[in-house]
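Going down the list, the sequences are from chains A and B.
Be aware that the first sequence starts at 0, since it is given in numbering that gives the first Met the number 0, and climbs by one per residue.
Be aware that the second sequence starts at 0, since it is given in numbering that gives the first Met the number 0, and climbs by one per residue.
If you're looking for bench data, these hints aren't it; they were derived computationally from the structure.
There's no promise every hint is true.
Unchecked claim - List of simulated lysine to aspartate or glutamate pairs, EDC-like, C-alpha gap at most 16 Å: (1) A:LYS31 with A:ASP54; (2) B:LYS1 with A:ASP30; (3) B:LYS135 with B:ASP21; (4) A:LYS31 with A:GLU16; (5) A:LYS31 with A:GLU19; (6) B:LYS1 with A:GLU19.
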Amino acid sequence: MSSLEITVSVNGNSYTETVEPRVTLVDFLRDKLALTGTHIGCEHGVCGACSVLLDGVPIRSCLMLAVQADGRAVTTVEGLTQEDGTPGLLQDAFRDAHAMQCGYCIPGMLIASEALLRENTDPTLDDIREAIGGNICRCTGYVQIIEAIQLAAERLREAGR
Amino acid sequence: MKPAPFDYARPATIDEAVALLDDDSIVIAGGQTLVPMLAMRMARPDRVVDINNIPELAGITDTGTEIVIGAATRQVDVLNSGLVAEKLPLLRKAISFVGHTQTRNRGTVGGSLAHADPAAEIPLASLAMDAEVTLKGAGGERRIGVDEFLVGPMMTAREPDELLVSLHYGLASGTRVGTGFHEMSERHGDFAMVAAAARLELDAGGACTQAALALGGVDARAVRIPALEAMLTGQAVDAALIQRAAQEIPRAIDPGDDQHASADYRRRVAVALGERALTDALEDAKGTAA
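For reference, chain A alone in the conformation it holds in the complex:
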């Protein structure tokens, strides 16, 4: 059972690593690259905590083998910060709207929200619900998460983006 060498761009940095084919993308990100912002929740594609962007579209990183990401570009929650490492606009909105309680689902929520806002800075309530429909939060009841996304959308529109 041979290992393979893969090259993956993660948050703009290129990484070349040797992995066993059985390693999922989320384990690769966390264990090989020490990018532990992406969380493992259910580990079988139900909860959405492990969401990342693959070539700009949201996917579940527990449902993809790391070898399948060879040559692709991945964005994790760490990639949503500003260049100096401080929280980005979306992350600020989540903080300002008190969208977090335990916070475990938030990396996945941020990725799902980022994907939505890249497409649409004026989403309806239904658009937002659809976008985070694959992400489970057991604390908040989702209300403040939705308000945070609305707040981020408003700030993006004000900034003319």
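Given the coordinates of chain A, work out where chain B should sit on it, guided by the hints.
Chain B only, in chain A's frame:
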């Protein structure tokens, strides 16, 4: 919850992929069902054959007589296809119930069909649409109907050395075609407890020339209801006839009990959703008169 070791192959052509398939290998496309099965070690293949890098397996083509969808075409691409919206509205309606953005971005139509979950929407809609599939193996290519392809829960007529290459959807001959899709699940995007896909064709006088009703989640695989279809065909279909014909549904299905719903409840829901799907299809057909 980590997969057991396996070898990994990434063929570039259909023929290369077929040459790698045998009893101990398994195909990965979107991986949305296979990766959890690997992680839970319900699947322990010696070799995983990744078909994501085979360009000829992805895409949606109108040949003039049918729409051909490559097996590795992503569900999101089918959902967003103008061609599918115009020519295969029932498939589009069904896929809007499949999973979530994150899973549709990876999941494929062929993967869903080949997995053959009895509650899955894509096999259900494909059965209602009389779709066919092309399989390619070492011995050559064959084309069979979805009805023959679906055998039982997670079981299909695909041989271990065969690759599901494409799905074929015939184009409607009539001018007045209507479709309807209804589903009950715990949350939108979950597997259906019961799902119903209906398709009706009417002639110029309003008589039904073709009727199809398929139900999912209520038997070992998606099933058609021939006795109901026979009652509608040739008739001027109205609400009363749909209601009468729907009484054929409980006799034609064999649902199971589980923690989500009892068999008896599923039978009742199947009747209700079957009626709703047919009613929508009728309204749709009347509204699309040429």
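The hints, checked one at a time:
1. A C-alpha spacing of about 20 Å is found between LYS31 (chain A) and ASP54 (chain A), which places the hinted pair above 16 Å, so the restraint is violated.
2. A distance of roughly 13 Å separates the Cα atoms of LYS1 (chain B) and ASP30 (chain A); the hinted pair therefore holds under the 16 Å criterion.
3. Of the pairs offered as hints, the one joining LYS135 (chain B) and ASP21 (chain B) holds, with about 13 Å between alpha carbons and a cut-off of 16 Å not exceeded.
4. Among the hinted pairs, LYS31 (chain A) with GLU16 (chain A) is consistent with the structure: their alpha-carbon atoms are about 8 Å apart, no more than 16 Å.
5. Between LYS31 (chain A) and GLU19 (chain A) the alpha-carbon distance is near 11 Å, which keeps this suggested pair within the 16 Å criterion.
6. Distance check on the hinted pair: LYS1 (chain B) and GLU19 (chain A) sit about 12 Å apart at the alpha-carbon level, within 16 Å; holds.
The structure does not agree with numbered hint 1 stated previously, though it agrees with all others.
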